[in-house]
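Protein chains in written order, with the numbering used here: chain A, 37 to 390; chain B, 37 to 390; chain C, 37 to 390; chain D, 37 to 390; chain E, 37 to 390.
In short, the hints are calculated from the structure, not lab data. The reader is advised that the hints may include incorrect statements.
No distinction is drawn between identical chains; accordingly, a pair holds when it is met within one copy or between any pair of copies.
[Stated by the list, open to error] Once the Cα atoms are required to be at most 30 Å apart in a straight line, the calculated DSBU-like pairs of lysine-lysine come out as:
#  : residue 1 : residue 2
1  : Lys262    : Lys197
2  : Lys387    : Lys137
3  : Lys202    : Lys226
4  : Lys114    : Lys252
5  : Lys262    : Lys252
6  : Lys252    : Lys202
7  : Lys137    : Lys386
8  : Lys233    : Lys386
9  : Lys202    : Lys331
10 : Lys387    : Lys233
11 : Lys67     : Lys233
12 : Lys252    : Lys387
13 : Lys331    : Lys114
14 : Lys197    : Lys114
15 : Lys226    : Lys137
16 : Lys252    : Lys233
17 : Lys262    : Lys233
18 : Lys331    : Lys252
19 : Lys137    : Lys252
20 : Lys386    : Lys252
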Amino acid sequence: MTKLVKRRSVKAGLPPGTLVYIGDKEAEQAKISVIDYDENEFHERTLSQIRECLAFANKTAVTWVDVDLVHQVELIEKIGECYGFHPLILEDILNTDQRPKVEDFGEYLYVVLRMLACNGDNNGIFSEQISIILGSNYVISLQEREMGVFASLRERLRSGKGRMRKLGADYLAYALLDAVVDNYFVVLEKIGERVEKLEEQLVSSPTPDTLHEIHKLKRDMIIIRKSVWPLREVIAALERGDTSLISDSTRVYLRDVYDHTVHVIDTLETFRDMVSGMLDIYLSSVSHRLNEVMKVLTIIATIFIPLTFIVGVYGMNFKFMPELEWHWGYPALLLFMLGIVAGMMVYFRKKRWI
Amino acid sequence: MTKLVKRRSVKAGLPPGTLVYIGDKEAEQAKISVIDYDENEFHERTLSQIRECLAFANKTAVTWVDVDLVHQVELIEKIGECYGFHPLILEDILNTDQRPKVEDFGEYLYVVLRMLACNGDNNGIFSEQISIILGSNYVISLQEREMGVFASLRERLRSGKGRMRKLGADYLAYALLDAVVDNYFVVLEKIGERVEKLEEQLVSSPTPDTLHEIHKLKRDMIIIRKSVWPLREVIAALERGDTSLISDSTRVYLRDVYDHTVHVIDTLETFRDMVSGMLDIYLSSVSHRLNEVMKVLTIIATIFIPLTFIVGVYGMNFKFMPELEWHWGYPALLLFMLGIVAGMMVYFRKKRWI
Amino acid sequence: MTKLVKRRSVKAGLPPGTLVYIGDKEAEQAKISVIDYDENEFHERTLSQIRECLAFANKTAVTWVDVDLVHQVELIEKIGECYGFHPLILEDILNTDQRPKVEDFGEYLYVVLRMLACNGDNNGIFSEQISIILGSNYVISLQEREMGVFASLRERLRSGKGRMRKLGADYLAYALLDAVVDNYFVVLEKIGERVEKLEEQLVSSPTPDTLHEIHKLKRDMIIIRKSVWPLREVIAALERGDTSLISDSTRVYLRDVYDHTVHVIDTLETFRDMVSGMLDIYLSSVSHRLNEVMKVLTIIATIFIPLTFIVGVYGMNFKFMPELEWHWGYPALLLFMLGIVAGMMVYFRKKRWI
Amino acid sequence: MTKLVKRRSVKAGLPPGTLVYIGDKEAEQAKISVIDYDENEFHERTLSQIRECLAFANKTAVTWVDVDLVHQVELIEKIGECYGFHPLILEDILNTDQRPKVEDFGEYLYVVLRMLACNGDNNGIFSEQISIILGSNYVISLQEREMGVFASLRERLRSGKGRMRKLGADYLAYALLDAVVDNYFVVLEKIGERVEKLEEQLVSSPTPDTLHEIHKLKRDMIIIRKSVWPLREVIAALERGDTSLISDSTRVYLRDVYDHTVHVIDTLETFRDMVSGMLDIYLSSVSHRLNEVMKVLTIIATIFIPLTFIVGVYGMNFKFMPELEWHWGYPALLLFMLGIVAGMMVYFRKKRWI
Amino acid sequence: MTKLVKRRSVKAGLPPGTLVYIGDKEAEQAKISVIDYDENEFHERTLSQIRECLAFANKTAVTWVDVDLVHQVELIEKIGECYGFHPLILEDILNTDQRPKVEDFGEYLYVVLRMLACNGDNNGIFSEQISIILGSNYVISLQEREMGVFASLRERLRSGKGRMRKLGADYLAYALLDAVVDNYFVVLEKIGERVEKLEEQLVSSPTPDTLHEIHKLKRDMIIIRKSVWPLREVIAALERGDTSLISDSTRVYLRDVYDHTVHVIDTLETFRDMVSGMLDIYLSSVSHRLNEVMKVLTIIATIFIPLTFIVGVYGMNFKFMPELEWHWGYPALLLFMLGIVAGMMVYFRKKRWI
């Protein structure tokens, strides 16, 4: 199951700006891919050294540097040196449990997003941090792990079709944001399917597993919520902010992403409402079942306990029990007991138990 | 049952502005009906090509283009070309799960509404998207499905009575809004009837079906809520916005629609409160019933179990049991047991169980 | 029981401003009473035609027109004609399920209030609409039904004592508002008494009726809430609004009504909190009772079921059961069973069940 | 128990400004004590007539008039005449269920507070109204009942130590406020003790009394809440208000009282959270107990009911039952039943019931 | 367990500014340590008299005075005298249950924080007050108890590495804040571990202890909440405040601490949501268990009670019972009873009980 808190405590006591990666370290090498494009030209390379990026820095073309696996502290340090970023940004890139935020440093904007992904089937949702740094003619995106959300974007750039190659770095940053938010819809749909499956299960045959699925759904929605709510503010800040890095035509598109984010939040809240309602339904169907069980027990016990008592009476060994001598005693008693059963039945029907 | 989420994921990875219809595609042809009117003249036609609309564009008269079945991507594309709409608008028209919103593009306003409809009797509520584009002398309304809410409006235009023919396109747009909100009252009334029926059921004979009806009511109200809450903001934005497309006299009418929307929200919240209360009542009536059942069981068991023990005692086959030899043993025992029953009865009455 | 929604749907499809009364129509004639007063003079008449009101219109004295039973569409139409009111106002007067609001039309203010009344003893609360139109020297009040809240006000005007006769139409409008809000306290007191009665019942002997009374109380409070919350905004808008129809000295009094309204809301919320708490208490007292019942059952069953087994053993008809032949077998067994009972008792006491 | 609503309905229908005391009238005479002081002089008197206060009015010294038992309508009327207060203030003084508020009348400020007091041990909390009128060189405090909160203040004035004698009427008003808020901490501490006692009880032995104590605590906290939440706004209004009656140096002290009020609210909300949690704990401990009881019953019944059946079989009087004739039939049966018991035990242990 | 309220009542009635320590007094001597540093120089001393601090006051270097154990009233009084602090500050330092706040006195800022610490393993969390006074070239920190959070800071100052020695008193104050907030993450991680442990326990084997652990977790989170929520406002006020004591470069760092605080709040709220969900899970798993227990009881009772009745019938001693004489009576009856058991089994399977 997804960890709730990352081990941020390793940083307590260290001076601010100290670069420590708090996620799980992996053995693999970080991957740096650079795309440099304008309307006419397009270059794509995979680098081993971040320093080589600077070769693209002075051109008028837009440079997109995509770094996967940010756990390498030295790499992040070098990026900071090359581009002259504030040390707190570098710290935030490595502290991969940031909540989404945007910070305006004048010459560049620093945006933190959270990418959502499903852990296989029904196995919970986890979120990974994506940092985007937008400069005047470059965009640097840093992902905690390679997750392929930007693949279609890269394809669109390669093909050269559409608006994208004609527009600046701000449009590229928007496109990255859009790709992340579009991905939320994929996750939401999976959640929606689980909600609907749960609803059906609840009507047909609620089991304790239903309950645990409700709990898991709630947990997952809490994780999504933590990623999406602050994102709304981030995009609103980008759209309305007074930075000159984002052009007015791009702001129209940002408004569109904003609407999508609000849509995601809306849908999420709807799911939350529905899942809360389901818990009530589950609990009351459990207590309804208990009721049914108890009714069966009570009917059986109420009918047979008195009868058992009666036959017990005539099983006593008293010397002088006149009824035992009667010729029709036995059949008379059977009839009498039949009468009791009938009376009970009438009573239960009046009480609407049967 | 209504789907909770539309399949928006088909769009993930596509560039913004790509036109893909995300609803269920239907075989039928889209219907384009055009009404062109001013105080004196009135023309009504059904077109097969959107291009023919432009014939009406230059006149001073108000042109109302009503398009049903928006699922045809090419049609929407052509509308965009003819009138020069922003690609994001066209995308929103086809993404038929938008939340209500208004966007001001200077020369035209784009409004998204959600129309509510009942799925037969008690079979849940679904919502369809209606897009309205208001220009200086035209209104384009695009419905996901033909639902007849605008029929009476068309009739009023034809008859030529009332204010409508004398006023501009903004009044027409208001009238469309008003028709949609008036329709909410129809839906609310149905909900209200269901709430009252539930209330009666709850008092007379709560069953597990009551519970599922509560759940369905809650679900339906969540759907209505999702449509109505953002609508309030939309109408407020229209009323207070600084667009020149809406005249001051129309704004007075918009304030009236705003009041209606607030009224709808108010009533909805009242229903929500009541339905929440009903769940509590249901749950506690279920547990009250359990109590009743248990009391009957306990009374029966508490009376007869000890008696059965006693008769069991005298059913033992010990050689030496003096009581069995007594002449009055049997009737004495019967009396003794009668005494026990009486004592139990007193105890239960003291406990207020019977 | 009070209807939750009025049949507003009859209006769907009609053009805005169409006058249709949506409440229950009654056979009686509307009652128009006019009071015309200034510091020195006082005239009171009951009119049959609204047109006669205009005779008072040009004087400097304050004219108060009070119309009961607003269901007559023609009457409202004539009032509109005489005074030149906006058609939307006339529509709102007849749509008697408006939420409280104030609208400023420059020359006159339109205020909608809701009057609360109890339906006999414990039989629920209903609300009726009161419309007040305040002009420069006239006040028109329109009540859905005659309810007598303004009787004492009329008396004060007749007697000529106090500030009222010296002040303008705005003070009269304030006095009407104050009479309505004062009446809320009467309703709240009744609610308070019911809450206290419930509390006592809950401690002494909770029954399912307690539950239904809680439900009815909640329902009534929802109705009051719907009337009072928007009223607060209405009075705040009147107090702070920049209309010239209300003088500064009257605004001080409006602030006082505002305080009263806040007080009503406060008390209502307190009641809501308490009634919510009561439901919890009720539910847990029900489950406590269940517990008690189950304990009795368990004690009885746990003691006697094993004993019954034992006596069953010695009721068997095996040929060779040595114990049956023993002389002291029977009393020994009785002693043994007594020991079991004692052991059980010790166990139950340890468990704190008895 | 404290009444929830005062009988304000006696006022419905009376003109605004009518002076009627709505609390319980008491036989005693009102007490008027006057303290007149500046840095050098100090006079203290108990008056019988409010008119005598005016003797102090023209001096530069600060005059503090403290009136206990405000139920005497004539007294309040005379105060109003002497000082020329607005009639609505006099009405508010007598309507002793006001919510805390401040009103600025230019020459004087009118502040309403609520004093909290405990009704003996664990017997609920009630609140009394304190009105404070702050003029340029006088402070009038009016208490519903004599409660001694100002005793230490009076002592400090008499002793002449500290800042108080050197500062103006606004500092005196602050000191009164501070005394009231300090008293809240005393009440909160009692509440805190009750919360902690409840917590212990809940862990050791929850009884239905625990539930009623929770209910009483909640009720008391609702009453405190009603007094404290609006007080915060009152003090904020005093601190930030633009009245010239309060000097800047006193505002620093008001900020301190404000902090205390926020602290009171914070602590109260913490208690509320905890008490809500306790209800959950209580309810689940009740249902846990039910579980325990049911388990015992089930274990006993499940073991002995089948055994009783078996011994019943061999108690039948069929002529031809071969087992009865077997020599080892009886011990074999006993062994068989022992086996059943052992099997059951294993089953229960697997289910973790024993 | 941590006390919920400190004994603030000892202060009721005392004049504002009176210095009384409200925590538990301890025997130990207060510890005063002074660090005086600039880029080049570094002095560290432990003082016995606060007066000696003033020796450092006039230098341009930054002076950090750290006082542990603030319970000594005379010490605080002397600090007040030396630096000329407002008496309300001194009072707040000693009233160690303040909520976090910042007060700007022009020449110095007074900040109150709360430090969190765990009481051993799982034994609850308590919070201690830390006061920080920031002047132009000094920082005074006052801790209720020595807790070592500033140890690493002191170490960094000693080593002279990093930014810290080069920057002013405001950066030092920031560093203190940062150390406190970093420490929150340590506490949060412990909470997170407890939440995860609880979740596992809930799935595998919920016991009443689980419930008490949930209660304790909630309690601890309430305490953390009380410390962290107001801290957010404090840091926001510092960052945006218009004091000249904090330089712009430090404000960037404060924004970083602000982000951390929001992160802490976010995580805390996530935990709260999860723990609330757990309670529901616990309650419903308890009622599920009850259901299971009841089913077993019902199955056993429903099968054997009728059978016991039947064997009881043939245990009766009637003279004339023909069945008893039949040769195959006994085996026939056994078969008949087997049939009943089989029928029951089918019924239970249909009901999905087994």
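State whether the alpha carbon distance between lysine 386 and lysine 252 is at most 30 Å within one copy, between copies, both, or neither.
-> Between copies only: 27 Å across, 43 Å inside.
Homo-oligomer pair classification [lysine 331, lysine 202; C-alpha up to 30 Å] = For lysine 202 and lysine 331, the Cα distance exceeds 30 Å both inside one copy (75 Å) and across copies (71 Å).
Give the relationship of lysine 67 and lysine 233 under a CA distance limit of 30 Å: within one copy only, between copies only, both, or neither.
-> neither (40 Å within a copy, 36 Å between copies)
Classify it for me, lysine 262 with lysine 233: is the Cα-Cα distance of at most 30 Å met within a copy, between copies, both or neither?
-> both (24 Å within a copy, 22 Å between copies)
Should lysine 202 paired with lysine 226 be assigned to within, between, both, or neither, using CA atoms and 30 Å as the limit?
-> neither (35 Å within a copy, 51 Å between copies)
Up to 30 Å between alpha-carbons, please classify lysine 387 paired with lysine 233: within, between, both or neither.
-> between (36 Å within a copy, 23 Å between copies)
Is it within a copy, between copies, both, or neither that the alpha carbon of lysine 137 lies no farther than 30 Å from that of lysine 252?
-> within (27 Å within a copy, 33 Å between copies)
Copy assignment of lysine 262 with lysine 197, given that the CA separation must stay at most 30 Å | neither (36 Å within a copy, 37 Å between copies)
Can you tell me if lysine 252 and lysine 387 fall within 30 Å by alpha carbon in one copy, between copies, both or neither?
-> between (40 Å within a copy, 25 Å between copies)
With identical chains treated as interchangeable, where does the CA-CA distance between lysine 233 and lysine 386 reach 30 Å or less: within a copy, between copies, both, or neither?
-> For lysine 233 and lysine 386, the Cα distance is within 30 Å only across copies (24 Å; inside one copy 38 Å).
Classify it for me, lysine 114 with lysine 252: is the Cα-Cα distance of at most 30 Å met within a copy, between copies, both or neither?
-> neither (41 Å within a copy, 46 Å between copies)
Check lysine 331 against lysine 252 for me: Cα-Cα at most 30 Å, and say if that holds within a copy, between copies, both or neither.
-> Cα proximity of lysine 331 and lysine 252: across copies only (28 Å, versus 33 Å in one copy).
Going down the numbered hints, you'll see the structure goes against 1, 2, 3, 4, 6, 7, 9, 11, 13, while the others check out.
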